[in-house]
Amino acid sequence: MALSPRTRALAATTLALTAIAGCSSASGGSGGDGAKDGVVSIDFYYPDQVGTLSTLIDGYLKDFAKEHPEIKVKGVYSGDYDQTLAAVNTAIDARKAPALAIMDQSFMHDLVERKAVTAWNPFLTSDADRKWKDSFYPQFMSNSVGADGQVWGIPFARSTIVQYWNKDYFKKAGLDPEKPPAGWDELVADAKAVQSGAGAKWGLFIPTSTGTAYWLYQALVQQAGGDGAISDRAGTKVTVNSEQNVKALEFWASLGTQKIAPTTEVAWGTSTDDFLAGTTGILWTTSGRIGSIQEKAGFDWGVSALPAGAGKGAPTGGGSLMLFDAGVSKKQKEAAVTLAKFLTTPERAADVSIKSGYIATSEAAWNTEAMRAHLAKHPQAKAPHDAVADAIPEMATPDRDRVVYQTLAPALQSVLLKGADPRKALDKAQSDIDAVLKTHR
Amino acid sequence: MKPRTSPRRLPDQVFAYALLVPAFAFLVLFTVKPLVSTVVSSLYDRRDEGPTLDNYRLLAEDEVFRKALVNNLLFSVLTVPVSLALAMLLAVLLQRALKGKALLRAGVFAPAILPVVAVAVIWLYFYQPNIGVINEVLGWFGVTGPDWLGDTALVLPSLMAMMVWKEAGFFMIFYLAGLQAIDPELDEASLLEGTGRFTHFRRVTFPLLMPTTLFAAIVALADSIKMVDFVFVMTQGGPDNASNLLLYYIYRVTFAQHWPQYGAAISLLVIGVLVALAVLQIRLLDRRIHYR
Amino acid sequence: MPEVVLEQISKTYQGARGVRHQALTGIDFTVPSGEFAALLGPSGCGKSTTLRIVAGLERADGGDLRIGGRSVTRVPAAERGLAMVFQNYALFPHLSVAENILFGLRSRRVPRAERNARLAEAARQLRLTEQLDRRPAQLSGGQRQRVALGRALVSGAELVLMDEPLSNLDARLRADMRTELRELQQRLGLTVLYVTHDQVEAMTMADRVIVMREGGIDQIAAPEELYARPASVRVASFIGSPPMNLLDVRRDGTWLVLDGAEGDGDRVRIEAAGLLKGLPDELPEELVLGVRPEDLVPGPGELTLPAVRIRDELLGADRLIAFRVGTRTVQVRVRADEHRPGGDRLGARHTACHLFDRRTGARLDARRLVGATG
Amino acid sequence: MDRIVSWPDRVETALAWLAGLLWTAPLLYVFVRAFESGTADLSSAWQAAPFGRYYLNTALLVTGITAAQLVVGVLAAYAFARFEFPLRGPLFAFVLVQLMIFPEVLMSENYRTIAGFGLLDTLPGVGLPYVASAFCVFFLRQAFLGVPDELVEAAQIEGVSRLGILWKVFVPAARPSIVAYALVSVSTQWNNFLWPLIVAVSDETRPVTVGLVRFLAPETGIDVPRMAAGTVIVTAPLLALFLIGQRQFINSFLRSGIK
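Residue numbers (the working numbering), protein chains in the order written: chain P, 1 to 441; chain G, 442 to 733; chain U, 734 to 1107; chain Z, 1108 to 1366.
The reader is advised that the hints may include incorrect statements.
[Said to hold, decoys possible] Short, incomplete list of chain Z residues facing chain P, as computed with Cβ under 10 Å: (1) D1116; (2) R1117; (3) V1118; (4) Y1218; (5) L1226; (6) L1227; (7) I1305; (8) V1306; (9) S1309; (10) V1317; (11) D1330; (12) R1354.
These are computed hints drawn from the structure, not numbers from a lab. C-beta: ideal position from N, C-alpha, C; glycine also.
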């Protein structure tokens, strides 16, 4: 029987609509208690800021499935940290939160305030559990723990800022290629030498992008002798206009006025490419870039801890494993803890470090055989380990997007890119930030 | 099919309403209802306590919002006419008898079908200050190119140029359609009278394309506000909020900062501006076809 | 002195898939200054292309075109000193009547005072004074036509090209405009090249008609000559309403045998010794015999056709009677009151009969063979 | 038509080619870079993210939304174009005003609505806010108004029902407009990014645009061939479709009477 045109159209439309509707059930999630036939299902969101991490985690998840048939993990690669936060927020609103996710540690206050995350403490009851928790570097744990002692994050893909320098340029400029600048004066002198003596377009790149300016600023504040952490442990008290803060920003701005660095934005994402292309002689950026620079550099290069001034040290950064609450059952949380322990064994921590450039999160990881063999081959990889000794916590506040991205970063940029007065800019940022944080105290 | 008998036939008016049910159901669900709840939501503070006008008070002082608003106005006011003017020029050029016309049309139109994010990815690379293509090309001529996206003064114009590149081909199609509706005899009459090309364009083609222009302007204006995808890929609103745009700011406030109440207040302001513009344009549309 | 001369003008179009289509082959004609010439032919015959080549809207592939003695083959349209009235009038919908009429003068930067004077004069002549502020959409068809004409007139060009300018008007208006146009042309002494597919327009207005067919010219003649002595079967069948009766015949000694009749018994034979007298000996076998409807009378004549009356039709003053001759139908026009009873014969005078060579379609004349001009 | 070629003609031709070059050069560049080491970059990019799945999602979204918009829009446009009923003017004005209030501006509340339906991270969740398109209703109404009355009356005399008239008279007569709208809608939805970014979290629901950005998220700096390869993967199919169907595509625009 031939269908009338109208029936055909109706059928086609119905088909199209059911096609979309049919896919609605595709994404399960951790809803319900997630347990079926003794198998617990959980979602695990993981970002990848370096391009190699997602492949690594996919591999670990396969191993985990073999070792723990009772737990079914659905890994969701969720973009970068900001996108992961947005994705997790969406999932929380849908009450389908992942049981476990790698989150930027500095999101902690927002997540805690919104009661989105669960503390690890209730799940760390045995001695072995506590030993596991204590195995991580205290520098990394320092901003994973709230003022009340609750543990919110387990370090996983952590990093810090290090200094890369182009040894070929140093040689050409008549500098000692094995001796990176160790203080601000040397830094400026070496940068100038690299420009005039080796023909580098720029001497020094310190990224000024909206998303990361605060992080590099923390290091400069620390070096200026101030409190590089900027925020207190509760995240509600922030100081950005102390003498040392101003001094740090003045120094940073002076790089531009001395034509060592551009007065346009030094983009976080492409500054490594600029270093690799020989645009700049020295680059400050995350330790996570060691791997890709090693792979791509067509010249001799070195990496070290940042120079020191009145103070010393750089902030840590990167992601920690966090437990989520919305729609996640106790069983699923326990499964998530099992997964977290699996992902953070010294062997895997060493593996993550070797293959992605993140810093191995415990001393035990640095002492694994794989790591030793790696260090023997690539002595540069030791630099972040040394940097960790002086590491300070990453600035973290509630309402981070407003405080850091919308207030502090534009204030820094207005000085660095548009020549505003550092003190005025920081005073204004201070009052704006206080106004925002007032509602969170 | 069974024959229908007329007594059971719905009156025309009822039938018409029935036809409108699906459209209005969705309009109510995804326009009216959210509009109302946006109004309500904007009257509550972050902890959902209220009612209060705090959000609006904040809006008046919010420098980031003011920047995003000014940026977006600049963006719309410049990209819409420039895109349309270029589109018109391209249409006039590519409407003529010309070898390879189809190829050229396809080439100019191609960027229009690319997703904005793909366009953004491409241009992000072109705009790189030290390793980007544009500055490399400028370098051949001994010009040291600026930092297109890193300079607070250049970032918005750079983004505008990119969007004009993307959109002009799209509106060119509208204009090609409009040009086809113009009687070729009119062009020939001008040709015989010795009317210069520019005069002919100014006195004949341009006025006759006015209806197309108004129609395209509505679409272009809407696009200039809702297509902010490139901000995500290229600048995240920076540096120093120089490329922050309204919808991107709404997104950040609502989702990154988890502050839907304040996001609602901003949305309402944007909607107010949009509706005012829409009403204005519909008025113009109403009056448009005097001579048809 | 805008005399228009076309010499061996040819034009081909690039069709789909590179197939070239010959639109015009060797067009030759002259329009003397001050004359009204009509290009007449069915659609697709190349008359519009010819006009557009003269206008400069299209370029000829070969041949020479001279206007007022100057070769203009490579001269842009605007510099040929001519005006054109388009089929759809080419009025700018967004401009007023006055602006439309003055459009070209503004382009040519004619001073304002002179513009206004010319506008007033044209508007007066064309009775458009009241409508000057209106838009084309507010005008009637005839008024629009006059606006288009007005634009041609104010240009001051002495050569005006018209492309079927009356085809969008109703019958009544068309008849009025024909007279008006002719009068205007005469009064202003314009040289006009006029394209039409309507023979009535051509015959009533033109000093000279150029009949075109398939990219070539069939005949160039004054309307009377065209009617009285069509140069070919094609022209004969195109001119006149109803057109000339044409019968395929074969020559058999002094007889003409009507083709297409079945069997010997029905074969129609016409005694034609008088008609054939004086024609050359090498006369072809196969001929076409043509007689106009008004040249046939019921009853015997110098040439007599056996005929059977089948129906008649009253056309006001005239009556059109259909006869069957052999297997063919022949139309006869008589005065309406001349209602003679139908006999079984039709007669015609020898001088009213036309003979054509069936193979070439060319007219055969007593004194000489008149070939169709090619 | 080949007219007499004057020097302004030559200038225009040169300008046309210059424009063509300016508009195509960036794309050509991307394609050249994507293939600079054969297909290696392409295959590694293809494997780096589930582009196949993203494509499927985009295809389902684009066809589903466009089909739904057309059904809803055709019905509403028919009502506005053909029938007299109380409040017709105000209701149509309401639709017109909605031209400017697109779902993105109301994303926060639409998000709540979708979350309330339990449709977050589902394809219907991505598509539903777009089903009623004011632009579609407006555009099709214009097209329907152009359908001659005689056609409708002829059908009425034949005893065709009102829906039958819609299907047999209006829809065929307005086909170029419907096709043109469908093309605009497909291209808009293909482009859509912000709303899916918010609603679609997992690979099972992400459309290509969101997938591309996720694919590029790693901040390793700019790897041009890889980026070019990803861009080619995302753009090539639509470009190919366009090149194959460009004549119909442009023609349907031209015939739709967008003026």
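The hints, checked one at a time:
no. : hint  : result
1   : D1116 : 44 Å, violated
2   : R1117 : 41 Å, violated
3   : V1118 : 38 Å, violated
4   : Y1218 : 7 Å, holds
5   : L1226 : 6 Å, holds
6   : L1227 : 4 Å, holds
7   : I1305 : 7 Å, holds
8   : V1306 : 7 Å, holds
9   : S1309 : 5 Å, holds
10  : V1317 : 9 Å, holds
11  : D1330 : 8 Å, holds
12  : R1354 : 25 Å, violated
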